[in-house]
Amino acid sequence: MSKTLFEKIWDSHIVVDEDGRSLLYVDRHLIHEVTSPQAFDGLRLNARKVRRPDLTFATMDHNVPTSDRSLPILDQTSSVQIKALERNCKEFGITLFDIHSPNQGIVHVIGPELGITLPGTTIVCGDSHTSTHGAFGSLAFGIGTSDVEHVLATQCIMMEKPKTFEIKIQGKRKNPHAVTAKDIIMSIIRKIGTAGGTGTVIEYRGDTISELTMEQRMTICNMSIEAGARAGLIAPDEKTYQYLKGRKYTPNNYDELVNDWRDNLKTDSGAKFDKSFTLSAENIAPQVSWGTNPAMTDDVTGSIPFPDEYGKGNPEEVKGATKALQYMDLKPGTPIVNIVIDRVFIGSCTNARLGDLIEASKVVQGKKVSSKVRAMVVPGSQLVKKNAEEMGLDKIFKDAGFEWRESGCSMCLGMNPDILAAGERCASTSNRNFEGRQGSGGRTHLVSPVMAAAAAINGHFVDVRELDLN
Amino acid sequence: MKIKSIVTPLDKVNVDTDQIVPKQFLKLIQRTGFGQYLFYDWRYEQGGIPRKDFILNDPAYKNSKILLARDNFGCGSSREHAVWALDDFGFKVIISTSFADIFYNNCFKNGILPIRVSDEILQKLFSTKSEIEVDLEDQIIMVNNTPISFDIEPHWKKILLEGLDDIAMTLQHESQIAKYERSHKT
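Chains A and B are the protein sequences, given in the same order. Take 1 as the starting number for the first sequence in this note's numbering and just add one per residue. Take 1001 as the starting number for the second sequence in this note's numbering and just add one per residue.
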């Protein structure tokens, strides 16, 4: 029988079927400091062990400071959480990339970077952006803390089988340096909505996807959760195998595995999806979010919508848009390029990899950040930071007036000191523009790294298609 | 499980878990005490003064155990702290037209019953001022003496009614897990 890629991975991980659900084996479990302490407490309370510490990897990313790491952490509550992770990893024998490790970074950046993420595997983490790893053809999804405890104790997860959702993206982008993977995924979310993928695993397909680099594919899969999907998948290809070759945790029998993956890890022709959506990449413009969820997004050439027009007769959506505009302090009809910003954040598990920084640096090179803007670059991992520094990107950013910081989640969710003040408006390469996400009262506009960099220089949004980015 | 209470109507779509518990409260390392932070930025002005216009500050709903929500409730972050906060505040049932997947799972893991109903029924519940009763065993919501039935996955119903420890349940499959591990490559 023809099967989708998702169905193949699902079927090959079933340990037991029971009551319409499956107990699935988990190949890799990633943990971090914020959603794991209560899970470890649960284990201790019930005298349980971690079943497979060898398949469990930990790092600290959510609340770590991005300033000088030789100094003590000033926030006591963050420090307690970080120490708890250190203690728990030691007690249960789990590999930890701590704040001083050259491999520390955002969990969804370091997984692929270290070869922990592999095609055809199942990966879970107590973080919704675990969908990122789907870019390698792994079934990867976020779980709550109770499930973190369940996976630690059993190396399995009990789940109902999600539905399948095919999203096909076809055609050539007119200017691939200006219209990025971020713009593709934001265009999709804008069209299918923040609950468009609920209950499904998305497989992204089509020639536009094949052309993307692994880093760009990660940006696409990363935001699957913003469309409500359980996971996002892209079938592995030669780019995938090349990317993972020779990394720290890539298995010894890698070539053998690749042969196997080449044969098996694809959706069979004739396989049926429960749902489909097609998008042409040809006319995608750079995207800017204007509201308080990622579907509230428009082209950079557009204007802030009137709530009635946005809600299309749905009173709840009209109300939602009205409230969003109030929160964002924006007036309907305002051209997006007229929106003036105070802050710029280039970072997060969506857009803080080397390729993102290279692209952004091209916009910044030889220019100065607007005197009214405070801008920062937070590389996704220590390795990204090191590689970028070897290329001299840090100098380009610093010369322009950007802050160049240590790796972590940083201002994507503002659990560390990197936050917006109330009323501040930020062009951010992160994934969520929810109220208060980057700081209580802060206003977030989601954009690509090149759009964020151009906004930093100009002090307002600009259409990066008008710049020379080659 | 029978819950009788007035309902707290939270009239907003796409309520994300960042609103349910803002990030500044995720640094605690225990599961308890999150109720005070529930909807913090909507409940309080800066400086901690309660906002009069927010429903949870209305004394009329003080003892409510049932939250009425709109579409896509609990979207965004996987933080289970959102469910711990709802539970600690006193909500045992959440009724909406739809929930985000991770949040939906997290509810059951903490003894909260999320119920999906049609638009029409949700509308009816939003206009109800009197107490309603939710009966999980019979899968009935009683509204002004009119029963409304609801669906729930049988396994979740069983887990809630019997208060089962799902890790212990999975560990009963130890031999199958071990067998899987012996035959599985990665």
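Incorrect hints may have been included.
To be clear about the criterion: a stretch of chain B counts as covered by chain A if any three or more of its residues have a C-beta under 8 Å from a C-beta of chain A, and this derived list gives those stretches [as the list claims (entries may be wrong)]: (1) 1065-1075; (2) 1173-1179.
Straight-line distance between alpha carbons at most 27 Å, and here's what the computed DSS-like set of lysine-lysine pairs gives [as the list claims (entries may be wrong)]: (3) A:LYS161 <-> B:LYS1109; (4) B:LYS1124 <-> B:LYS1004; (5) B:LYS1129 <-> A:LYS191; (6) B:LYS1012 <-> B:LYS1065.
Calculated from the structure, these hints are not laboratory results. Yeah, the Cβ is synthetic: ideal placement off N, Cα and C, and Gly gets one too.
Status of each hint after checking the structure:
1. 1065-1075: holds (count 4)
2. 1173-1179: holds (count 3)
3. A:LYS161 <-> B:LYS1109: Cα-Cα ~18 Å, so holds.
4. B:LYS1124 <-> B:LYS1004: holds, 17 Å
5. B:LYS1129 <-> A:LYS191: violated, 37 Å
6. B:LYS1012 <-> B:LYS1065: Answer holds: LYS1012 of chain B to LYS1065 of chain B is near 18 Å, not above 27 Å.
In this structure, only the earlier hint numbered 5 is contradicted, and the remaining ones agree with it.
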